[in-house]
Amino acid sequence: MSLESLHATITDRLGRLERPVNRPLLIGVDGCGGSGKSTLAEALKASCPSPVTIVHLDDFYVPPAELDRSRPESLPVGADFDWRRLKREVLDSVLGGADGKYQRYDWGTERLSDWHEVPACGTLIVEGVTSTRLELAPLYDLTIWVDCPREERLRRGLERDGEEARGRWAAWMAAEDRYAQSHKPMERADLVVEGV
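Reading the sequence shown from the start, the letters are residues 38 to 233 in the working numbering.
Hints listed in this document are in silico derivations from the structure and should not be mistaken for laboratory results. Note that the structure is predicted; figures quoted are calculated from it, not measured. Think of the CB as a built atom: it goes at the ideal place given N, C-alpha and C, for glycine as much as any other residue. Any given hint could be a false lead.
As the list claims (entries may be wrong) - Here are the simulated lysine-lysine pairs, DSS-like style, with alpha carbons at most 30 angstroms apart:
#	residue 1	residue 2
1	K221	K82
2	K138	K82
3	K82	K124
4	K221	K124
5	K124	K138
Said to hold, decoys possible - Across the chosen pairs, the derived CB separations fall in these ranges:
#	residue 1	residue 2	range
6	K138	E189	31 to 37 angstroms
7	G199	P100	21 to 27 angstroms
8	H44	S111	39 to 45 angstroms
9	M223	R121	20 to 26 angstroms
10	W152	S107	27 to 33 angstroms
11	P101	R203	16 to 22 angstroms
12	R192	G52	35 to 41 angstroms
13	G199	E79	19 to 25 angstroms
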């Protein structure tokens, strides 16, 4: 599906939705690492006539000091990202008609850093792996799963992060597999698109 076709499909879907006018339109863009979620979110933002805010789930990464990742298989599914904080600080706020405000995770310092505001108007796109997990999916007006072959995702990830990140990518991919198997986001998505 081309980006133009995807935008037309999304516009058509959204035109059929009934939603309050006092809050943003909420779109969840989910998919595994390297699938093209951020690229899709940016393309949607560029093609949308109304103001669009993008919130990246990577901003809600749980700092290493707060989560023991030594045995990842023992962690709850999606434990790397603080979905409760996303819900509380952003989604619940904008759904209630108030601006959201959250601290972004800084990958360089490995701690929470700058504050970001999310206006309660226009369109809000939340993108990131686990963004449409079972607990959050009902809050969105539209959910999109970005599908991409595993080998391509790994290639993109190593191209971006370097060969030294291969072990980290293997761990992330295993965690993403657990998420996809238990939450079934692809099966529940309103739209499934090929990675961009």
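Right, here's what the structure says about each hint:
1. K221 / K82: holds (26 angstroms)
2. K138 / K82: Distance ~20 angstroms between K138 and K82 Cα, so the pair holds.
3. K82 / K124: Cα-Cα ~22 angstroms, so holds.
4. K221 / K124: holds (20 angstroms)
5. K124 / K138: holds (11 angstroms)
6. K138 / E189: 31 to 37 angstroms: Because 36 angstroms falls inside the window, the suggested range holds.
7. G199 / P100: 21 to 27 angstroms: Given about 22 angstroms between the Cβ atoms, the range holds.
8. H44 / S111: 39 to 45 angstroms: holds (42 angstroms)
9. M223 / R121: 20 to 26 angstroms: holds (23 angstroms)
10. W152 / S107: 27 to 33 angstroms: holds (31 angstroms)
11. P101 / R203: 16 to 22 angstroms: holds (19 angstroms)
12. R192 / G52: 35 to 41 angstroms: Holds: the Cβ-Cβ distance is about 37 angstroms, inside 35 to 41 angstroms.
13. G199 / E79: 19 to 25 angstroms: holds (23 angstroms)
In this structure, none of the earlier numbered hints is contradicted; all agree with it.
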